[in-house]
Amino acid sequence: MASVLPSACRAQAALSVTAGPRSFLALRPLQQKLARSYATASPPDQPITKPANGRRRTAFTDKLNVGPSFADFVGGNRDSAPLDPEEAYELKTALVGPEGRKKQITRLPPWLKTPIPDGDSYKKIRNDLRGLKLHTVCEEARCPNISECWGGGKKSQATATIMLMGDTCTRGCRFCSVKTSNKPPPLDPHEPENTAEALARWGLGYVVLTSVDRDDLADGGARHFAETVMRIKQKNSSIIVECLTGDYGGDLDMVALVARSGLDVYAHNVETVEALSPQVRDRRANFQQSLRVLRAAKEAKPGLITKTSLMLGLGETEEQVWDALRQIRASNVDVVTFGQYMRPTKRHMAVTEYIHPKVFDAWKQRALDMGFLYCASGPLVRSSYKAGEAFIENVLKKRRAVNPQGELKNTPELEKSTA
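Per full-length UniProt numbering: the sequence shown = residues 1 to 419.
Calculated directly from the structure, the hints in this document are not laboratory data. It is possible that part of the hints are untrue.
[Claimed, not checked] Once the Cα atoms are required to be at most 20 Å apart in a straight line, the calculated SDA-like pairs of lysine to any residue come out as: (1) K397 to R171; (2) K233 to G203; (3) K233 to D323; (4) K397 to G303; (5) K397 to S238; (6) K298 to R260; (7) K364 to V321; (8) K233 to A198; (9) K183 to T168; (10) K103 to R347; (11) K233 to K346; (12) K358 to K298; (13) K301 to A401; (14) K233 to K397; (15) K398 to D253; (16) K346 to R171; (17) K103 to K398; (18) K397 to A198.
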């Protein structure tokens, strides 16, 4: 606004001097209405009149004249007013584009808007990743939290979730923006060492690794994943490693291989409720197979914390979410997260509903009441989101203090002491 308003004022002053009082009055509606309205329907056509100064009014001028006043625009009165419940939960849409080619888009509610990524920490992490030819799920999946995680803050360390085995997935889930191909490039043999080097350079205490699915490989990339974890631990044995893995085509031996590689948290996402899984996920993935992966990881190393995530806003019902939670808890999963599905591009599934933050709070409490060790729940929460890292880190440190092998079982006393 700083660069626009002075020039607008200068233009107004010049016109008021040269055109006389009559043309100044003709321009007053333009001065008072500088922004377009948020209506989803096109405004009625306005008659084109010829102002006193002889200049022909343009269509752009007519569109400006049907918008809110300049005082409304500056004061934010239209956007700041509280919404009634029905309006707050409504899926907002708007028509955008030139006449004859307008298209309807969905507007984000205010609680889903995030800052544009910037800052020294953000740039340093981005440059380190480029230099070592590493990928992150933060960028590839267009995560809305990238500004917060990469930027860090006064009370939090900057983090990034490294995505192993390239930037191209062999699966095509309908919610995910990662590139897909039946024949992605071969694995980079230097990636495990480069990843360990980058993490050692950042000096982090908690890191998250994930990967694309590689159905083109006999082991699904499990050995590559395990080698990366081992290299990281060799450089820093105290670092806590969380791995968000694929299902390795249902090969539970490969799941066990990764689970025993030295990681501390084994995460695998069910993504959505069981009833919607065929419409949301690639046909090679399903809800029950994901539960088998989580159970196999815990059986391979009982001291592991296991974790999964659910997206909301895809059209699921409350009872379906309850059913998913019951099955997840019965599979001895420790941590569950809830986040809002956000459509990455127009080629992906549309959002059915934007879930209000209070609903996310309710699901968090329900999950804790069911016995989950921890639950992160909110519109911008993602499975690799750092909101739960401090809690999990404290749990693991206390376990290590009691038993270096991390075999201490969850107890109410432990949970209470780390809350």
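Okay, the hints, checked on the actual structure:
no.: 1; hint: K397 to R171; in the structure: violated (36 Å)
no.: 2; hint: K233 to G203; in the structure: holds (13 Å)
no.: 3; hint: K233 to D323; in the structure: violated (37 Å)
no.: 4; hint: K397 to G303; in the structure: holds (12 Å)
no.: 5; hint: K397 to S238; in the structure: holds (10 Å)
no.: 6; hint: K298 to R260; in the structure: holds (10 Å)
no.: 7; hint: K364 to V321; in the structure: holds (12 Å)
no.: 8; hint: K233 to A198; in the structure: holds (13 Å)
no.: 9; hint: K183 to T168; in the structure: holds (9 Å)
no.: 10; hint: K103 to R347; in the structure: holds (15 Å)
no.: 11; hint: K233 to K346; in the structure: violated (41 Å)
no.: 12; hint: K358 to K298; in the structure: violated (32 Å)
no.: 13; hint: K301 to A401; in the structure: holds (18 Å)
no.: 14; hint: K233 to K397; in the structure: holds (16 Å)
no.: 15; hint: K398 to D253; in the structure: violated (30 Å)
no.: 16; hint: K346 to R171; in the structure: holds (18 Å)
no.: 17; hint: K103 to K398; in the structure: violated (55 Å)
no.: 18; hint: K397 to A198; in the structure: violated (23 Å)
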